[in-house]
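Q: For reference, the chains in residue letters:
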Amino acid sequence: MNFVSLLYYKYRRFAKTMSIFALVLGPGIIVMVADNDAGGITTYAVTGAKFGYSFIWVELLLLPVAYVCQEMTVRLGAVTKRGHAEAIFDAFGSFWGWFSLSDLTLTDWLTTVTEFIGMTAALSIFNIPPPLTVLGAIILIMAMVMSGRYWTWEKIVLVFCVLNLIYIPAAFLVNPPVSAILREGVIPGFPYGLNNLVFFFLMANVGTTIAPWMIFFQQSAVVDKGLREKDIRWERVDTAVGSCFTIAVGVFIIILTGTLLRGVNIESAAEAAILLMPINKYVGTIMVIGLFDAGLLGAICISLTSSWAFGEVFGWAHSLNYKIGQAPWFFLFRLIILVTAGAVVLIPGAPLILITLFVQVIAVTLLPAALTFLVLLLNQEDLVGKYKNTRLQNIVASIIVGAIIILSTLYGVSALFPELFK
Amino acid sequence: MRNMLRVSIEKIREINRRYSNPRIKMSRGVRFALLMLRLYLIFLVLILAYKFATMTVLK
Chain B
0 MNFVSLLYYK
10 YRRFAKTMSI
20 FALVLGPGII
30 VMVADNDAGG
40 ITTYAVTGAK
50 FGYSFIWVEL
60 LLLPVAYVCQ
70 EMTVRLGAVT
80 KRGHAEAIFD
90 AFGSFWGWFS
100 LSDLTLTDWL
110 TTVTEFIGMT
120 AALSIFNIPP
130 PLTVLGAIIL
140 IMAMVMSGRY
150 WTWEKIVLVF
160 CVLNLIYIPA
170 AFLVNPPVSA
180 ILREGVIPGF
190 PYGLNNLVFF
200 FLMANVGTTI
210 APWMIFFQQS
220 AVVDKGLREK
230 DIRWERVDTA
240 VGSCFTIAVG
250 VFIIILTGTL
260 LRGVNIESAA
270 EAAILLMPIN
280 KYVGTIMVIG
290 LFDAGLLGAI
300 CISLTSSWAF
310 GEVFGWAHSL
320 NYKIGQAPWF
330 FLFRLIILVT
340 AGAVVLIPGA
350 PLILITLFVQ
360 VIAVTLLPAA
370 LTFLVLLLNQ
380 EDLVGKYKNT
390 RLQNIVASII
400 VGAIIILSTL
410 YGVSALFPEL
420 FK
Chain R
0 MRNMLRVSIE
10 KIREINRRYS
20 NPRIKMSRGV
30 RFALLMLRLY
40 LIFLVLILAY
50 KFATMTVLK
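Residue numbers (numbering that gives the first Met the number 0), protein chains in the order written: chain B, 0 to 421; chain R, 0 to 58.
Just so you know, the hints here were simulated from the structure itself, not pulled from any lab data. Note that the structure is a prediction, hence the values are computed from the model and not measured. Hints are not guaranteed to be accurate.
Restraint-style ranges between C-beta atoms, simulated for each label pair [to be verified]:
| no. | chain 1 | residue 1 | chain 2 | residue 2 | range |
| --- | --- | --- | --- | --- | --- |
| 1 | R | Arg27 | B | Pro347 | 49 to 55 Å |
| 2 | B | Phe20 | R | Met0 | 47 to 53 Å |
| 3 | B | Ile138 | R | Ser26 | 35 to 41 Å |
In silico SDA-like links for lysine to any residue, alpha-carbon gap of 25 Å or less [stated by the list, open to error]:
| no. | chain 1 | residue 1 | chain 2 | residue 2 |
| --- | --- | --- | --- | --- |
| 4 | R | Lys24 | B | Leu59 |
| 5 | R | Lys24 | B | Leu60 |
| 6 | B | Lys387 | B | Thr408 |
Coverage of chain B stretches by chain R, computed from C-beta distances (three or more under 8 Å per stretch; other residues unrestricted) [unchecked claim]:
| no. | segment |
| --- | --- |
| 7 | 86-93 |
| 8 | 359-369 |
From the three backbone atoms N, C-alpha and C, an ideal C-beta is built for every residue, glycine too.
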C-alpha cells in the first residue's frame, strides 16, 4: 500500500471509530457535566474564594474516583438492561429497595431545589423575576421531551453540556498565576488547617463530584439509549471524557475565583458573578450564563433520575422514547418534582444559600449506601457475567466508600464538637 | 382521593410481593452490617440537619 493509500485508510478507520463513538457518547458526558450543577458551581466558586487554589489537588484526586463509580453503572446497565432502582429491588428485596428509593427521592428533590436557586439567582442579575425563571425553566425542560425520542433529547442536552464548559476560557481571561496554582494547588496539603469549615468544604466538593443520583441516572440512560454489552468499551470512553470535563470545569472555577476573589467572603456563585462584573465584565457574564446553564442541566437530569427510578419500580412506561401521552405517569411525576422544587425557591425568606451548600453534603453522606449496593450487584456473576468486578475494582470501590464514611464522620464530629478541631 | 390512596397502597403491596424473594441471599451478618451502615449515615444526616438548623437560626 503506498503512503497516500495508507493515510487514506487510517483516516477512514479513524472516521469510522469517531462515528461509532459519536453514536454511543451521551450518558457519560451528560451525567458528569450535569454533575457541575448550580450547587456545584456555587461550591467551586466559594471554595476558590475561601481557600484560593489549595483545593485543586482534591478535585484532581476525584477524577479517577468519579470515573470508577460511574463506570460500574455502565456495565450494570448495559448487561442487565435494567435501571438501578429495579436492580436493587430485584437483588435485595423490597425493604432495601424502598430505603434506596426514598434516599434517592429526597436527595434528588433537594438537589432540584438548588438548581432552581441557581437559575433564579443567575437571571435575577439580569433583572428577570424568579417566578418567570422558574416557569420558563419548567416549560423548557418539559418541551425537550415532546419529540418522544431519547436521541433528540440527548443531543439537546449535549448542547447545554458544551455551554457548561464556558468556565474554562473564562479562567484564562483572568491571567491566573500558573506558578502559584502549581505550588498551592497541585501539592496536597491543608494550608488553612483541619477544622469544621475545611471538612464541610471537602465534603461539599466530594459531593458535587459524585452523588447518588449519578449512579441511578447513568444506568437508566444507558438502558433508555439501548446500549448493549458491545458498547461498554465506548461508553467507558464517554464516561472518562465526561469525568475530565467535570473536573476541568471545577478546577477552572476554583482558579477563577481563587485569582480574583481570594479572601472575599462570598456565599454563592451569583454573588461571585456580581462582584466579578466590575472587575471583568466578560468573566462576570460568563459566570452568570454558566450558573444558569448548570442549574438547567441539573434540573433536566436529576428530575429525570427520580422519574426513571419510580417508573422502573412501579411498572409505568418510563422512557424518553415515549411521547407524553404514552407515558403519562412518568412525565407527570417529573413535572411534580420540578413544580414543587421551583415553588420552594419562591418562598420569601427561605435560606437558599445554606440549602445549596448543605444539599451537596447530604448527598455525599448518603453515597456510601448507594455505592455499597452497586458493588454488591457487580459481584454477582449470574447477573453480570464476565463484567463482574475484579478484585482491584472491589478494593478501589471499598477505599472510596471507606474514605467517604471517614470524611462524613469527621465532619459530623467537628459539627458537634468544633473545639476539637481548632 | 381515598380511592387514589387505596390504589397506591395496593400497588405498593404488589411491588412488595413481586420482590419478596431477593435474588441475592445475604447472610444475617451482611444484612445487619448494611442496616447499621444505613442507620449510621442517617444519623450523620441528622447531625447535618441540626447544623443547618442552628446556622439558619443564627442568621
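Q: Hints first: check each against the structure and report whether it holds.
A: Here's how the hints hold up against the structure:
Taking the beta carbon of each, R:Arg27 and B:Pro347 are about 51 Å apart, inside 49 to 55 Å as hinted. Look at B:Phe20 against R:Met0: about 51 Å separates their beta carbons, and that is inside 47 to 53 Å. For B:Ile138 and R:Ser26, the hinted distance range of 35 to 41 Å is not satisfied, since their beta carbons lie about 51 Å from each other. The straight-line distance between the Cα atoms of R:Lys24 and B:Leu59 is roughly 38 Å, outside the 25 Å bound, and the hint therefore fails.
Between the alpha carbons of R:Lys24 and B:Leu60 the distance comes to roughly 35 Å, so the proposed pair goes past 25 Å and is violated. For the proposed pair B:Lys387 and B:Thr408, the alpha carbon gap of about 31 Å is over 25 Å, so the pair is violated. Evaluation of the coverage hint for the segment 86-93 of chain B: fulfilled, as 6 residues show C-beta separations to chain R shorter than 8 Å, against a requirement of three. Under the rule that three or more residues need a Cβ within less than 8 Å of chain R, the assignment of the segment 359-369 of chain B holds, with 6 such residues.
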